[in-house]
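Let the hints inform the model, and build the full structure from the sequences given.
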Amino acid sequence: MTVNTADELGRFGHFGGRFVPETLMAALTELEEAYREALADDLFQAQLRKLLQEYSGRPTPLTLAEGLTKEAGGARIYLKREDLNHTGAHKINNTLGQGLLAKRMGKQKLIAETGAGQHGVASATVAALLGMECKVFMGEEDVRRQKLNVFRMELLGAEVIPVTSGSRTLKDATNEAIRHWVSHVEDTFYLIGSVVGPHPYPEMVRNFQRVIGDETRAQLLEKEGRLPDDVVACVGGGSNAIGMFTAFLEDESVRLHGVEAAGEGLETRKHAATLTKGSHGVIHGSLTYLLQDEFGQVTPAHSISAGLDYPGVGPEHAHLKERGRVRYTTAEDGEALEAIRLLCRTEGILPALESAHAVAEAVKIAGEKSHDDIVVICLSGRGDKDVESIRQGLEGMQDAD
Amino acid sequence: MRIKKAFQEEARRRLIPFITAGDPDFETTLELVGLLDEERVTAIELGVPYSDPLADGPVIQAASARALEQGMNLPRVLELAEAARNRGVTTPLVLFSYYNPILRYGSEVLMTRAAQVGIDGMIIPDLPWEEGRELSRQAAEQRVDLIPLVAPTSRERIQRIVSDAKGFVYCVSSLGTTGVRSDFDQKVDAFLDTVREASPVPIAVGFGISRRKHVDRFLEHADAAVVGSALIRMAEQRKDALTDADRREDALEEIRQFVRELADERSVSVYRT
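The listed protein sequences correspond, in order, to chains A and B. Residue numbers 1 to 401, in the working numbering, belong to the letters of the first sequence in order. Residue numbers 1 to 273, in the working numbering, belong to the letters of the second sequence in order.
Just so you know, the hints here were simulated from the structure itself, not pulled from any lab data. Only a predicted model underlies this, so the values are computations on that prediction, with no experimental measurement involved. The beta-carbon is built from N, C-alpha and C at its ideal position, and this holds for glycine as well. Treat the hints with caution; some may be incorrect.
As the list claims (entries may be wrong) - Short derived list, chain A residues pointing at chain B, Cβ under 10 Å:
hint, residue
1, Gly166
2, Ser183
3, Glu294
Now the structure itself:
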């Protein structure tokens, strides 16, 4: 399978497209043209490469997790350490790319949506670095859950705008960012944080994130002289997963696993397992899988992880699911919490709640394999931001025991 | 056909009121449709409430949320249109819906059903021209007009969008979401003139229009003015009265007065056939 390039209408197979108000259509065309030019511009690529290396600290290490491997009792497990990026997650790969692009387009104002706050922090960071204005839209519920990240963004000079509509989480923050963009489209650049939204965002964000998988593939070839058997990543909107998977799409021997949040369980309504339990629908400008009711109303998602708490998913994931190239599965809140405890104790690494979903699934997969096999986990972020939620979650589990 | 005829008739208000179906409830919406029909507006936009209305400002967002709480949904809005026709409403009815409820219902089935219940046109604010080709064809087969939107940012897109327009063209007055604006940029006149010149059908202008002053201003460059948020706010402020059998008549009368103040029944701007 070749790397997917969205077609003229921005489709990955059946999915993607541009389902937005007419007011935004010219801006999306302008963005796509500027992006294609930047892609072909060696100077732009060199600037981006330099920032990724000297500012964010790339390449990030590929760590052999010996303690976790022993605990899982099977395949050797490697961790791709996106948690070691500047600002603590893979999100910066994309914000550096889009920030440079905004600058090149002569836009001085950035807007962004955020769930957990990681993309908001990464956007505020890039705005500070490049000397731009930044407004971050964040659901009121997430503002409450992620107080420290709100303060971090403000410290970086961004304005955090609490969103009080709908379920007051990532979905609503994205709605509000789009509404703001419709009002200020002429001088504002919308820096979307995942492989979602109208074309060209899903493809553009994927290309800014594919450095994760490109590095992993080269690093593993150097260390082991071969490709991994299994690659595991968590999926909310799906940017770290697509960034990791893209390099392996043509390697048919490599099994790819995307892990969605099953929240309190797939049988409850409190989950964020869009690909597993959703159906075709349009959200935030893209035709994809969606959690919705029988009348096409979007239903709220739920996950202990604010970054996975999203009722949609990137359209390329919808395409990869239907082509059968990626296996999509789920992990519950409790499994993610257990995985955090496990990774802390065996490796001395505190993963983000999002990434812990991938760890939980990878341990299951590794347990059924032999020591000759290799499993790679995309450790998309570090868990410092989640310490309070993790404490409450683990206490809740003990109470239940 | 109803839409074309309404724009040609002289004795009509050059107004296209927007109301969210189901706000405050099914019966009141039906009463409002009846009232607007009596007042001989050019067309009535029936808004299908949606969980994520991203082209809408706070007033219509709130109306949408209230209607959803009432259990309103696309099939019920179609029932509402049918009930209005059964009560003798003859004004063109235009369904305003975000794309996802339509996708879920099935666009082909929807067009058939819409034609049966007397829907004349459809506005889908998040379905731009490029994405709407198939749906436009399905609509045309059932003689339902898919009303295209153009915005001040559309520029060289205008020609393509309006060239095969049916019914009327909806011009977005200014950047941003729906909701009351105090003033409009002078540049909007040139934009409207451009669209009118290019369009084979009448043009309506909407977003932010709330007063007689605005309507008069826009009717010099367009064939009808859409009023949404201002009307919804009037109904919202009279919600208790509207749902109380004893006070309903007075509240409806106040809304009727508001509609009358917005535009005269015998309009100056009759669409040139």
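Against the structure, the hints come out as follows:
{"no.": "1", "hint": "Gly166", "result": "holds (7 Å)"}
{"no.": "2", "hint": "Ser183", "result": "holds (4 Å)"}
{"no.": "3", "hint": "Glu294", "result": "holds (7 Å)"}
Checked against the numbered hints given earlier, this structure breaks none of them.
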